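*Asks:* Listed below are the residues making up each chain.
Number of protein chains: 2
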Amino acid sequence: MRLSQYYLPTQRETPADAQIASHRLMLRAGMIYQSTSGIYTWLPLGLRVLRKIELIVREEMDKAGGIELLMPTIQSAEVWQRSGRYDSYGKEMLRFKDRHDREMLYGPTNEELITEVFAQHIKSYRDLPKNLYHTQWKFRDEIRPRFGVMRGREFLMKDAYSFDIDYESAKKSYWNMFETYLKIFKRLGLTAIPVRADSGAIGGDLSHEFQILAPAGESTIYYDKAFDLVDFDNEESITQVQHLYAAADEKHDAASCPVSTENLRQAKGIEVGHIFYFGTKYSEPFNAKITTPDGKQVFAEMGSYGIGVSRLVGAIIEACFDGEGIKWPTSVAPFQVGLICAKTHDPKAVGFADAVYAKLLEVGVEVLYDDRDDRPGAKFANMDLIGLPWQVIVGSNAVEKGVIEIKQRVNGSRQELDLTSFINQLVV
Amino acid sequence: MRLSQYYLPTQRETPADAQIASHRLMLRAGMIYQSTSGIYTWLPLGLRVLRKIELIVREEMDKAGGIELLMPTIQSAEVWQRSGRYDSYGKEMLRFKDRHDREMLYGPTNEELITEVFAQHIKSYRDLPKNLYHTQWKFRDEIRPRFGVMRGREFLMKDAYSFDIDYESAKKSYWNMFETYLKIFKRLGLTAIPVRADSGAIGGDLSHEFQILAPAGESTIYYDKAFDLVDFDNEESITQVQHLYAAADEKHDAASCPVSTENLRQAKGIEVGHIFYFGTKYSEPFNAKITTPDGKQVFAEMGSYGIGVSRLVGAIIEACFDGEGIKWPTSVAPFQVGLICAKTHDPKAVGFADAVYAKLLEVGVEVLYDDRDDRPGAKFANMDLIGLPWQVIVGSNAVEKGVIEIKQRVNGSRQELDLTSFINQLVV
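Read top to bottom, the protein sequences are chains R and D.
With numbering that gives the first Met the number 0, the residue at position 378 of the first sequence is 377, and numbering never jumps.
With numbering that gives the first Met the number 0, the residue at position 281 of the second sequence is 280, and numbering never jumps.
Only chain R is shown next, with the shape it has when bound in the complex (with noise of 0.2 Å):
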């Protein structure tokens, strides 16, 4: 993409009213534009990330054995009142009447809608194990929207749910899932602590919650340091993570911590991502029953499982940012490579960069090229405010040597290489 083509509005100034680093670095990145308070307009280079985090929680939960459809965003109160939580739910519930003076909702999450669904097609043991899960818009009326899409109202989140035959089985779904989101995490180039959790609002007794390490976390995690030594790609180890110590603040008591305080490490955590059990809570009202092998009739034992998405595009920048701006993991840049010329006024130069461009696109690699006329150290600013993992800068040695010099972004590491060796390089 030519940057001269695109829609990139860059801020040199750091927005007043945004508190932290993610906040102000999406908007000075042009990446969200606020709609108004806690909605957002997702600009072109904030879009790219979140379907690339989206496709990522997709392919995931898909190899894990999920089925993926869409319920709406539109809910109506009848569900909500046969589970009981339409009275419960509080304010954060968006209500409204529709034309007929029917009483809806924009749904904050969607046990109700997927049991009910669930339970009109489903009667027998052997459709089961089902794993169902889709991506789409909640929203949540927060009192008080803060901290961007860290804490917005309308927000994108990936909820599963999960449909067992017998308590056993649903405890294999799971962990299934518990494992799948470490891979997910992993993959988004993040540490994410499991810390064992009370199960809230939702009910049951198996429940975790997902914690990215940022200094900006909201809660204080206390986590055995042998998290940081996990291989996230050895089944092995990720079966080892379930036994290993982790507590939020409020749960952690250092007398009866059965990690010693050496092994033992303390940080920041903000919230990404919520698995629950919880039984029959919903498979009872909504009469989700299940035919067993034997002829006998019973609920269906059930589990919800959230990542946040829009969030997690907040989290991963407070995870990787530096005073320059954000430092993309490669799996979710928006674009790998930044091309920049940085001698917009000497034509060989210019067609030096143009050729890079064209060969960049054929090789299949994801470029955004700043062909704008502009002073190269305004350019560079821009590049290593949004963040993309590399930036190949054509300059004088460009023409001269026919070398261009690549920057990468994470640790600031230059070399000059001609454009083959680069391409092998970022393609392996």
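Take these hints with a grain of salt, some might be off.
[Unchecked claim] Facing chain R, from chain D, some residues (calculated, C-beta under 7 Å):
id, residue
1, W41
2, I73
3, D140
4, H242
[Unchecked claim] Pairs of lysine-lysine residues, derived as DSS-like cross-links and limited to a Cα-Cα distance of at most 25 Å, are as follows:
id, chain 1, residue 1, chain 2, residue 2
5, D, K96, R, K90
6, R, K224, R, K182
7, D, K62, R, K137
8, D, K137, R, K137
9, D, K62, R, K358
10, R, K358, R, K51
For the record, the hints were derived by calculation from the structure and aren't laboratory data.
Predicted model only: the values in this text are computed from it and were never measured.
We put the CB at the ideal spot given by N, CA and C, even for glycine.
Position chain D against the provided structure of chain R, taking the given hints into account.
*Replies:* Here is chain D on its own, set in the frame of chain R:
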């Protein structure tokens, strides 16, 4: 995907309350589930079609120079008060108040929001033209939702907005989208007739509706039979379409029609797209001013371009079905191949079918494998109902002679082939 592990709740019975074929077939084929009046959950098979249409639209929009972003579903009433449409829009707009008693609404369209975003960032002729688009859920509170996803309340729409420095340039943007729409509908396997239209609530003078020919269409259209001969892969032919006669019932006047009776066709149409030029209607209230090359300030000239993505799922079915079920065009089919093992009690046949399944996956063919223990007749009827382009049947000849039976859904033709020959036919 193995059907035994999928979520495909097909029905043999015709749903009583569905009035048109696409609605009946989508319910019977397990594509949608009605959560409440005019609001649907997209079940896995339906979602696959929806996503394929969305992707084709996106690819063609990107090729045409469109830049994708994403506006939220919930909007503040303020922006609509600014354009003057908050009062005029009527009861189809879903309005409500948030917890702080601020007036909000679920966006039925996005002219206001996009113009506000644009006005914030774009100030110079150097940054024009721009075509910004998104694909987002909309809500229109229809008084009597019907026809399934064809006239639902929550629906998915691609809406694009063009911004230009003057009328001449805006016209170019308009005809660029006109051409893009013809290409999109062609790729979807449809014949779309662009009919000159009133600009309705939005205003302006360049306006076309794109009508799909289908017996269940709501409007009658008259058009030059030359449309049927247009080669949509040829740019020149597409340009000619601009000048061909087409008019809706209420505009058509036999006496003044420039096309002779023998060259005029009459058909029913379903509206699936609408494009408008509306000048400065929104750029004025939102003060979207552009500096011209000679330093003057002018209001941006705008157009908007909508495609009903979820409506298209129904419209395509209305154009492509028979007494047995749906006949998906290849480009939007949820899977390309339906594999049936007709001898589930013969281990050799099952082994053969398993091997065919593995091979098709290996070469990247999307295949739905009916591996269930069910009567062959029921499996055949089910495959005809869901309408995948190709059916591959593994029966006694598979084990004995190593050949599979191939049925093409669109015309019912059958042939016996070895797998390699079929794959070559499919991949070419």
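*Asks:* Now tell me, hint by hint, if it's right for this structure.
*Replies:* Consistency of the hints with the structure:
1. W41: holds, 4 Å
2. I73: holds, 5 Å
3. D140: Holds: closest Cβ of chain R sits about 5 Å from D140(D), inside 7 Å.
4. H242: violated, 30 Å
5. K96(D) to K90(R): holds, 12 Å
6. K224(R) to K182(R): Holds, at roughly 19 Å.
7. K62(D) to K137(R): Roughly 31 Å between the alpha carbons, so the hint for K62(D) and K137(R) is violated.
8. K137(D) to K137(R): Since the Cα atoms of K137(D) and K137(R) sit roughly 14 Å apart, the hinted pair holds (cutoff 25 Å).
9. K62(D) to K358(R): Answer holds: K62(D) to K358(R) is near 19 Å, not above 25 Å.
10. K358(R) to K51(R): holds, 23 Å
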